[in-house]
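Got chain E; can you put chain H on it based on the hints?
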Amino acid sequence: QKEVEQNSGPLSVPEGAIASLNCTYSDRGSQSFFWYRQYSGKSPELIMFIYSNGDKEDGRFTAQLNKASQYVSLLIRDSQPSDSATYLCAVNPPGSARQLTFGSGTQLTVLP
Amino acid sequence: EAQVTQNPRYLITVTGKKLTVTCSQNMNHEYMSWYRQDPGLGLRQIYYSMNVEVTDKGDVPEGYKVSRKEKRNFPLILESPSPNQTSLYFCASSGQGSEKLFFGSGTQLSVL
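Here the protein sequences come in this chain order: E and H.
Quick note: the first sequence, position 28, residue 536 per the numbering used here, numbers continuous.
Quick note: the second sequence, position 61, residue 71 per the numbering used here, numbers continuous.
Read the hints as simulated data drawn from the structure, not as lab findings.
Remember, it's a predicted structure, so these values are computed and weren't measured experimentally.
One or more of the hints may lead you astray.
[To be verified] Distance condition first, Cα-Cα at most 16 angstroms in a straight line; then the derived EDC-like pairs of lysine to aspartate or glutamate:
no. : chain 1 : residue 1 : chain 2 : residue 2
1   : H       : 28        : H       : 89
2   : E       : 550       : H       : 89
3   : E       : 575       : E       : 563
4   : H       : 110       : E       : 553
5   : H       : 75        : H       : 89
6   : H       : 81        : H       : 40
Isolated chain E, as found in the complex (with noise of 0.2 angstroms):
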């Protein structure tokens, strides 16, 4: 089993929607917890960063945790067409540092 797993895609939402990307994690002692957009031949920027149960909000932008069901979410409001790009869902499992360990990215297709 995957350590972190995330639906592929393509997910595909019109302009203006709220787009779901979902990301599920095996070590239930994980503490943090990242989303990185990567736009194609580029590399990955963080956007959002969560560490308690709940949702946290950045403009269009809402991470949400579930530590018991462990999984982690990221909803974008108003989709647009630049947000079209490949998300990185990143744990960060107990007694490992600093080091990420990333899920394999969900495309992201936002059609104007």
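Below, chain H without anything else, positioned relative to chain E:
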């Protein structure tokens, strides 16, 4: 400008010919790491370094070497490259107390 600089951006080589991919950061970060990215497998950590002269294996260290003689530099060495090391490589760094990774622009390596 704060950045992580990798060179070269593209590299084509032949099996067995030693090569080095350089990585340098100008943010005085303690932590540096190398990842490889393959389709469907996401980012996998090769080696990481918590500080000068402190390095450790990640998830896929076989066939790679690293060194950290200076804080800013963290080169990745392939002493005898093989075709299964054909991949997109990213160097990343983060500062003390932060889990935010800054990525270099990537090195696309092809081993023939």
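Status of the hints after comparison with the structure:
1. H:28 with H:89: Distance of about 4 angstroms is within 16 angstroms: holds.
2. E:550 with H:89: violated (27 angstroms)
3. E:575 with E:563: holds (12 angstroms)
4. H:110 with E:553: holds (9 angstroms)
5. H:75 with H:89: It holds: about 8 angstroms lies between the C-alpha atoms, which stays within 16 angstroms.
6. H:81 with H:40: holds (7 angstroms)
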